[in-house]
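Chains as they are written, first to last, in our numbering: chain A, 1089 to 1592; chain B, 76 to 389; chain C, 32 to 396.
Keep in mind that the hints are not guaranteed to be accurate.
[Claimed, not checked] Listed below are several chain C residues computed to face chain A (Cβ distance under 8 Å; list not exhaustive): (1) Arg212; (2) Ala268; (3) Lys279.
[To be verified] List time: in silico DSBU-like cross-link candidates among lysine-lysine, alpha-carbon distance up to 35 Å: (4) A:Lys1214 / C:Lys285; (5) A:Lys1563 / B:Lys167; (6) A:Lys1232 / A:Lys1214; (7) A:Lys1355 / A:Lys1563; (8) A:Lys1466 / C:Lys285; (9) B:Lys167 / A:Lys1355; (10) A:Lys1466 / A:Lys1205; (11) A:Lys1466 / A:Lys1286; (12) C:Lys285 / B:Lys167; (13) C:Lys124 / B:Lys167; (14) C:Lys285 / A:Lys1143; (15) A:Lys1214 / B:Lys167; (16) C:Lys124 / A:Lys1355.
FYI, nobody ran anything at the bench for these hints, they're computed from the structure.
Glycine is no exception: its CB is placed at the ideal position from the N, C-alpha and C atoms.
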Amino acid sequence: MEPLLRVEGLSKRFPQVVANDDLSLDVRRGEIHCLLGENGAGKTTLAECLYGFFKPDAGRIFFRGQPVRLSSPSDAIALGIGMVHQHFVLVPPLTVVENVVAGTPSAGVLLDLAGAKRDLETLCRKYGVDLDLEARVWQLSVGKQQWVEILKALYVGSELLILDEPTAVLTPQETDRFFATLRQMTREGLSILLITHKLNEVMQVSDRVTVLRKGRLVATVQTAEVTPADLARMMVGREVVFRIEREAIHRGEAVLEVEGLRALDDKGQPALRGVSFNLHRREILGVAGIAGNGQKELFEVLAGIRRAGQGQVRLQGASILNRSPGEIMARGVGHIPEDRIHEGLIPDFSVAENLVLGQQRSPLYRRGPFLDPERIAKFARTCVSSFDIATPTVRHPARFLSGGNLQKVILAREFGQCPQCLLANQPTRGLDVGVIEYVHRRLLEKRAEGVGILLASEDLEEILSLSDRVAVLFKGQIMGIFESSQASLEEIGLLMAGVRGETA
Amino acid sequence: MWTEILQGAILASIFASMIRLATPLLLAAMGEMIAERSGVLNLGVEGMMLMGAFSGFMVAYFSGSIWLGVLGAMLTGGLMGLIMAFMAITLKVEQIVTGMALNLLGSGVSLFWHRLLFNKTEEVNVATIQIFQPLRIPGLSDIPYLGEVFFSHRWLTYLAFALVPMIWFFLYRTKYGLEIRCVGENPRAIDVRGVNVARLQYLATIFGGLMAGVAGSFLTLAASPRFVPEISAGRGWLAIVIVIAGNWMPWRIMFAALLFAFLDAFQLHVQGVGVLIPYQILLAIPYVFAILAMMGSRARSEAPRHLGVPYLRE
Amino acid sequence: MTGTRRGLRFPYRLERRSDVGRWAQLAWLIVAIVAALIASGLLLLTAGADVVEAFGALFGGGFGGWREILETLVRATPLILTGLAAALAFRAKVWNIGGEGQLFAGAMAGYWAFTLFAGLPPVALFLVVIAAAAAGGAAVGWLAALLKTRFNVDEIISTVMMNYIVMFFLSLMLSGVGPWREQGSYYQQSAMLPESAQFLVLLPRSRLHVGFLLAVLAAMAIHILLTRTPLGYEIRAIGFNPTAARFKGTNVPKVMAVTLAISGALAGLAGAGELFGLQHRLVMDLSNGLGYTGIIVAMLANLHPLGVVLAAILFGGLTNGAFRLQVATGVPSAFTFAIQAIVLLFVISASILSSFRVRTVSDVD
């Protein structure tokens, strides 16, 4: 039978890179088809082309056997192709109903919100989705927001649903439930193209999987006929080491003591509700948890960027609670922020200027009241060589560097300033496997040197393999701290969802 | 002073003036709100208002028809809105700078043409036109006090206030209003639905310019019969403040406009009553109030999240 | 960037390029200025003037001879300072639109200092006066910063409103009930300043005064500040990415306050120059939009302090030449304002266009 969607020889180029190079694949009716690849492999670009958001430079697309030309998402929607993006495209101040209805083709000029609400209630009942349709989106949890996104696609009658990394924001249990609902949808006739970089999900839920690497098609296979190792090899092109070599080190004395920390988020809601833990020298303490449960606020408080309302933070015995970022930096604490481009770097500054960010008033780089460009450049060149940063010169704007090299700039900067402890918030997000390995290696080196590292990551596997101990953060509270050798994925998953076990 | 002011006749006059003086502020603020709701921060309102005042006057002067004058003001404002839209949306230039440039353009061109046309003939202060007169509504206009306050205004004033519920309805009860509200908050949200974000922003910005032009025309075709350079005197800026103070919502903007107009009306009457406060201090009150009104973060809670940020489809 | 118009296929696409060469930018700048001149020429046509004759008078009046150039420099002096004021603030993405008000605040502060210390020897008086003017402008700038960081008042609004408020204050001081009005005069002006208080004239038979030197020195100082000092680093950092700067220890509110204070001080010095160096009398139209023109100058110069000097001289020439334009052709001198705004619009468009490349798109089947 003719597949629902067929793509032949699709290519898409951007000024700096070829995102998709001669791709061909097909999606059958009623199947869950995974699109697998590393970050930057071209998965999202392909999806955007299928959705009409981008126009391919070459290739043909067939839907229900007919060639189609998608010049905008409305064409795709009219055909029955819906897409849920990785980063939500919702309008927070508006209600769920308004969000679903906005931009949909309708007969008249007047809004019929009541009618739309009725239709949505039917859909929610059909798929067992529990959602307050009159709630404003900013009031909803991230998991529920995702359902709003899916409702948007279902409301306009999609037959093919493209989902881009939908489980990034779900706990393991929520993911299982989500997949169960997907299965039910396919039984009702929906076809699903699921974009992901997580191997275990591919194995769990897909019928077939197409692997992309650096914009090119590697293979399309039946999931039942491959192993994760096969897929990993196809994704990366070589044997991939799954587990990181972490030598057991005896951890040292406590370098950072946190007691009963309380703080508010940007909206004025409590984000940290009494967080307590100790970070020791020569250890990596992993912080597991879904984004939005207080990690950002925790790291910002520890780095001095955010005010804490209550509690105590001691570095080597001395209180650093609510001290300025400059003071905390001066005492030997490094901070790798979550968002490297917006929080960690100044893209329009040169690489050298970025490497001394925070140190601009230090006598190290000054001569009298003026900056000393020679010393700054020398320091920058040292960093570039010891961290293998790919840049033509240290005077080039950081804007031109790739994601991996940008992260190396931040590492170079922070590693030079953190003899006590290092706060690493999502240090490998969005990076290639090669750079991820590099970052892991350098972190472990730092650990061996005697630094205490606090590591937050969305990737549970990364946390479990890098950390000596794992703390689970849920709604601003530590649900439990385990030795990583004794932690089980299931137990941590439950804690991440707020389900306390007997140990609490 | 107070005993002199708190008399029925004076109060009625103050409130009537308030409604009249609110007209250009309200018209401009309504337009600016729509533009800002679509994510475009138009700081050129002052220049557009000035050009509207000038072109309205010019067209009326040379054609003899004040109705054509209003049309001319509208088109001028719309044209300047189009320039703003082109630079902000298509070229994605820094919106603040573009707005300032348009202010200066409006200032310069109106002054230039004014000097050109009227300096030569020594008609600078003599050039006047027959302006719009207040409408007389049979029965209602004759009610003591209330008649003066509510029922003796020019059609532009009634239009300005009638627009408030109309724009409210448009914004909250129609498809396009919903889309515009989305664009300012998260343009990507409706871009992925296939809606043409740029077109919405263009229309909203041009509308803003149009309204600023009409607002300006009120100054020279209704409020006073002549054009003087810089006749807008910062009202365009006040309109921007009013949008913020009104939290980007039509009814609140109306109240904010009335509040500013009240201050203006009050100081006018205080001057007339012959009080010993120097007129400069009285004139400064609205501007000081504008700063005071902006204090506090409460006022910014409804600011469109994407205001002033050019939208790039990545 | 393509608008998805129904039916209409747009065969071109603008793509952002990331490698903008210096020469490409310069080329676009020249294209912009030429286009602006053409557009201004059209405006002249509406005035019924002979375009060639008009431009000839304009540029001749600005740059045609030694005397014209000196006068142009006189006109450029305040523009350099207000341009620097805007450029510095804009570098930190602090939108100081209050140059006009800060200029007047500086002039008033300087005048007030003069009234207090009139007995001092000329050099000492000069130093006191410019210090006061700088302080006056700085105070207004600093107030805007305070309103922003403490009370969340947008600096665009506060600085524009303060422009009007400062003018009203000046009007009050020069009015019948004010202390500064010239005795026996009906005009809103102060008494003429004695020669001992006036700024030194640099070249005989010209009006070029010490203020020009001050302006050029200020330009060099600001350039060094921005490129070679930690404060300048932080100012630029805040302009590019205040979050990252904050994360790494920069006290953003403090830097903004210092920036606005310096910015206001520069504008204040412009006021002192116009008062003590040129008009020698405190009047309501001491400045005719010099603060706002300074913003255009800063934008034209791409916020570069040394570029500000060049752009200021260009605009000074236009201002100067406009007088000859009016005398020779009858075109109102207000033409300068129009041409300045037109030049700005074209230049900022060009700077964006220079970072794009046009590609033809072939249809995908």
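These are the hints, each one checked on the structure:
| no. | hint | verdict |
| --- | --- | --- |
| 1 | Arg212 | violated (45 Å) |
| 2 | Ala268 | holds (6 Å) |
| 3 | Lys279 | holds (3 Å) |
| 4 | A:Lys1214 / C:Lys285 | violated (57 Å) |
| 5 | A:Lys1563 / B:Lys167 | violated (40 Å) |
| 6 | A:Lys1232 / A:Lys1214 | holds (16 Å) |
| 7 | A:Lys1355 / A:Lys1563 | holds (15 Å) |
| 8 | A:Lys1466 / C:Lys285 | holds (30 Å) |
| 9 | B:Lys167 / A:Lys1355 | holds (30 Å) |
| 10 | A:Lys1466 / A:Lys1205 | violated (64 Å) |
| 11 | A:Lys1466 / A:Lys1286 | violated (41 Å) |
| 12 | C:Lys285 / B:Lys167 | holds (30 Å) |
| 13 | C:Lys124 / B:Lys167 | holds (17 Å) |
| 14 | C:Lys285 / A:Lys1143 | violated (47 Å) |
| 15 | A:Lys1214 / B:Lys167 | violated (45 Å) |
| 16 | C:Lys124 / A:Lys1355 | holds (25 Å) |
Checked against the numbered hints listed earlier, the structure breaks hints 1, 4, 5, 10, 11, 14, 15; every other hint is satisfied.
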